[in-house]
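Asker: Now for the letters of each chain:
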Amino acid sequence: MATLTESRKNTLRRAIQAIVGKSAVVSDPEELLVYESDGLTLFRALADFVVFPTSTEQVAALVRLANQEGLPFVARGAGTGLSGGCLPAEGGLVISLSRMTRIVEVDYDNQLAVVEPGLVNLHLSWAVGPRGYYYAPDPSSQQACTIGGNIANNSGGPHTLKYGVTTNHVLGLEVVLPDGEVVWLGGKMRDPQGYDLVGIFVGSEGTFGIATKIVVRLLRKPQAVKTILAVFDEIEKASEAVSAIIGRGLVPAALEMIDQVTIQAVEDAFGCGYPRDAAAALLIELDGLAAGIDAQAERVGAACVEAGAREVRTAKDEAERQLLWKGRKSAFGAYGRVSPAYLVMDGVIPRTKLPYVLRRVNEIVAAANLRVGNVFHAGDGNLHPNILYDPRRPGEEERVVQAGAEILKVCAEVGGSISGEHGIGLEKMDYMPFIFSPADLATMHRVKEAFNPRGLCNPGKIFPTKKSCVEVGPAYRAHPIEEQGLAQRF
Amino acid sequence: MQPALLDKVRGIVGSEYVLTGVELSPYVLEGRTPEAAVFPGSVEEVSHVLALASEAGVAVTPWGGGTKISIGAPPTRLGIVLGLRRLNRLLEHEPGDLTATAQGGITLEALQAALGARGQWFSLDPAFGREATLGGILAANASGPRRHLYGTARDLLIGVAVVSADGAVVRGGGKVVKNVAGYDLPKLYIGSFGTLGVIVEATVKLRPLPDDDRLVLAGFERLKDCGQAVRLVLTSDLIPSAVDLLDGEALRGLGLAAGAGVGGALLLGFDGMREQVKWQCEEAKRVVSEAGPVEHRVLEAYAREETWRLVREVGRRAFADPAAVLQLAVLPTQVTEVVEQAGVVAQRNGLKAAFAAHAAVGVVTAVLADGGDSAQPVIATLREWRELVRAAGGHAVLERAPLAVKEQVAVWEPPGAAFRIMERIKAQLDPKGVLNPGRFVGGI
Chain F
1 MATLTESRKN TLRRAIQAIV GKSAVVSDPE ELLVYESDGL TLFRALADFV
51 VFPTSTEQVA ALVRLANQEG LPFVARGAGT GLSGGCLPAE GGLVISLSRM
101 TRIVEVDYDN QLAVVEPGLV NLHLSWAVGP RGYYYAPDPS SQQACTIGGN
151 IANNSGGPHT LKYGVTTNHV LGLEVVLPDG EVVWLGGKMR DPQGYDLVGI
201 FVGSEGTFGI ATKIVVRLLR KPQAVKTILA VFDEIEKASE AVSAIIGRGL
251 VPAALEMIDQ VTIQAVEDAF GCGYPRDAAA ALLIELDGLA AGIDAQAERV
301 GAACVEAGAR EVRTAKDEAE RQLLWKGRKS AFGAYGRVSP AYLVMDGVIP
351 RTKLPYVLRR VNEIVAAANL RVGNVFHAGD GNLHPNILYD PRRPGEEERV
401 VQAGAEILKV CAEVGGSISG EHGIGLEKMD YMPFIFSPAD LATMHRVKEA
451 FNPRGLCNPG KIFPTKKSCV EVGPAYRAHP IEEQGLAQRF
Chain B
491 MQPALLDKVR GIVGSEYVLT GVELSPYVLE GRTPEAAVFP GSVEEVSHVL
541 ALASEAGVAV TPWGGGTKIS IGAPPTRLGI VLGLRRLNRL LEHEPGDLTA
591 TAQGGITLEA LQAALGARGQ WFSLDPAFGR EATLGGILAA NASGPRRHLY
641 GTARDLLIGV AVVSADGAVV RGGGKVVKNV AGYDLPKLYI GSFGTLGVIV
691 EATVKLRPLP DDDRLVLAGF ERLKDCGQAV RLVLTSDLIP SAVDLLDGEA
741 LRGLGLAAGA GVGGALLLGF DGMREQVKWQ CEEAKRVVSE AGPVEHRVLE
791 AYAREETWRL VREVGRRAFA DPAAVLQLAV LPTQVTEVVE QAGVVAQRNG
841 LKAAFAAHAA VGVVTAVLAD GGDSAQPVIA TLREWRELVR AAGGHAVLER
891 APLAVKEQVA VWEPPGAAFR IMERIKAQLD PKGVLNPGRF VGGI
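Chains F and B, in that order, give the protein sequences. Here this note's numbering is used: the first residue of the first sequence is 1, the next is one more, and so on. Here this note's numbering is used: the first residue of the second sequence is 491, the next is one more, and so on.
If we strip away everything but chain F, and leave its shape as in the complex, we get (with noise of 0.2 Å):
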């Protein structure tokens, strides 16, 4: 929210060109528009600059003009986060790291790679794909979200299941304080000495600093795929044969769960081949050993089968295969055939749960009138009910936001937790009491000050404050990325 004089802005502005150039500064207020969201287009907050560093000096010297002069300032990824996070929620300034694009090392003998935070998941992995290796966290949206983005966010995916999400997969950042100073947590050996400063600043949203490189681990491809898709009638017994599979003795590499609303919008928008007719399908893919793969295999059909699933059948060749991924992951987008908006939850239960929580969910969304898609994490117990809505139709964000946050009481009381990954961001802080009492969010808050104690660095979220400038709905307009055709919501 833009608040600064026209003259102090003026002085901002050249001190921050003096930084970083004049091309890397955006402060005009229409192009400030592009950067007000992201992919949870509910939340809007205008900055008073963002900002395109390209090197740690940059990033160091901008947060320390920031600390100077008093601005609070955001890192920005790609803006594909889903809960408001890198939002300017108090205006300031946006630092986007999205000119940091960089892979500065790879060490294939130790299996590791050096990367700036702008870069693209999924790139790296296609940096080094051809020697056998790849970068295992994978979230849905990896052709766009950067890897700073993914630290902040703890970011999973569907193959979380079996790999872990993206803390497991870093060793060390070089990070900038809010306060300038830039130092190393962990680095390219393991067990660094003291606090494990680099576990708790992955999936901080933001608010411990700025990630400017990222050591993370690097696997070997799996020397065998198999995917296989398994189509159910009723969405109940879909529910009990991802817990019959696990309970088996079998660790899929992702487990995934696309309901009837889903398979319908994917199918009008991509044809990937899954039944219209479908109540609930599992995607489910194995990997690892080429040998002994076939039996796994037997054995999820079996479990599949004997839990009620009509149709059990395997990807036969790799375009068939790719494209089933391709049905899972653009299920998103694919909901804006369907519906003119939706809000997409992340509440996560223990897997035993899950038939129970489904029903839930449906019927409180049916109780709201208002419609919903499931396409989630199924083997994770990581939901993700995408709530379908028109914002034109007045109160209708009003329900569509109750609901949601029903939902995620219902996940608190099974024992779950209201953000699998997603983050907290500015829409689910009022939320954290389901699952932390006082007691808990003080520490939280105490770790908080430790690093971040005049609270410039990314201010106004994950704990409840008065003093954010955030709009909220219900004027829905589409972001004008959206717009433009840049963009689609993950």
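Since the hints were derived computationally from the structure, they do not count as laboratory data. By construction, the Cβ of each residue, glycine as well, lies at the ideal position given by its N, Cα and C atoms. Please note: incorrect hints may appear among the correct ones.
[Said to hold, decoys possible] Straight-line Cα separation of at most 30 Å, DSS-like style, residue types lysine-lysine; simulated pairs:
| id | chain 1 | residue 1 | chain 2 | residue 2 |
| --- | --- | --- | --- | --- |
| 1 | B | K768 | F | K316 |
| 2 | F | K221 | B | K768 |
| 3 | F | K162 | B | K768 |
| 4 | B | K695 | F | K221 |
| 5 | F | K162 | F | K188 |
| 6 | B | K842 | B | K714 |
| 7 | F | K409 | B | K695 |
| 8 | F | K221 | B | K775 |
| 9 | F | K316 | F | K226 |
| 10 | F | K221 | F | K188 |
| 11 | F | K221 | F | K316 |
| 12 | F | K316 | F | K326 |
| 13 | F | K162 | B | K695 |
| 14 | F | K226 | B | K768 |
| 15 | B | K768 | B | K714 |
| 16 | F | K326 | F | K162 |
| 17 | B | K775 | F | K162 |
| 18 | B | K922 | B | K896 |
| 19 | F | K448 | F | K213 |
| 20 | F | K226 | B | K714 |
| 21 | F | K221 | F | K326 |
| 22 | B | K695 | F | K448 |
[Claimed, not checked] Chain F side only, calculated, beta carbon under 8 Å to chain B, not exhaustive:
| id | residue |
| --- | --- |
| 23 | N153 |
| 24 | M189 |
| 25 | G194 |
| 26 | A291 |
| 27 | G415 |
| 28 | I424 |
| 29 | I435 |
| 30 | S437 |
| 31 | R446 |
[As the list claims (entries may be wrong)] Pulled from the structure, derived: some chain B residues nowhere near chain F, Cβ distances all over 10 Å:
| id | residue |
| --- | --- |
| 32 | S505 |
| 33 | E513 |
| 34 | Y517 |
| 35 | G531 |
| 36 | E545 |
| 37 | T566 |
| 38 | R575 |
| 39 | E599 |
| 40 | V667 |
With the hints as your guide, set chain B onto chain F.
Answerer: What follows is chain B alone, placed relative to chain F:
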């Protein structure tokens, strides 16, 4: 400590769970005797004891099985030893969720037995599982050979309950395998050696028990050849769960060497489905053959378990009376060279040394044999080892050494630029400095 305070503590936990005087001999730390050892029976009792101690400014040293208590600088203050062994229950285990919640004082062996009865296990295998407690393992970030595939505590811990310095019960994380709500507090307590809070409960990820589990041991004339074998394995299709490397001295010390001419061995763990384990054992033999092994064995069942147990306990077993143990971390590709050089250093100082490495993650345990009356050769060797590791860009922690050595050789590396953040975290979470004071990095 005031007698009145001790009486209050007795009132909280019961007199039979408060040790004083001569009963404290098992809890003497670096030559210092605590004022009392207290064994609470519930989280509430832990909370009350800590609140009292904090109020009175009495230092509290949490104590699980004591297997890692030797790690750390001598304590600056030693008041109450807080034993967690009575908090030994498995609280929840739902096999379909692949998670379990247990109290901090449960031993690893008891935890694995309970999980194993229902077909699952907690995939962390540090040494001394019979005594080591879950909370202690987390606080010390202890790990074992299987960390190669299954990771360390930071990859497995999803939720934690700690009692903070002032007695508040604080929970971080949760009970689900994926969770980004709020800061990842469980990470802070891993490897914090009890300086930020007392771990009273932990929720961990589990794995199904494998159908089969074997150990492939390939012996080589030279350590260098072991290093080559490691590289061959890492660039093959094999997916070992453990990739450990032992030098000749370690092999002999543990009684694992078949012949005198073995300069090192590669130990590979393979677990999973029967068909996969069989294929991996055969493929491993083919893959490492290029490095010219002089010995090749496949161990199963008891022989396998015994071998892994000895390897994990190398710090206590390589020599009859080891003088010091240094754990160091370098890049995986530096392991054999660093081990060779460290061996030369020890020899030059007239000491025997043995080395065991989790080779593919670059974590090495270096054990130094006792050199007789003078501590000087031990001190000289440890200092040179430190230099060697630093020159390689790595870091080392002195895991065990007599007090006389610790007075001459730093236990931890000098803290780096990020240390001020660590100090601030400590000041925020334990403002009075009552939790395990003085033992951690940088004097925390």
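Asker: Mind listing which of the numbered hints don't hold for this structure, in increasing order?
Answerer: Hints 20 and 40 are the ones this structure does not satisfy, whereas the remaining hints hold.
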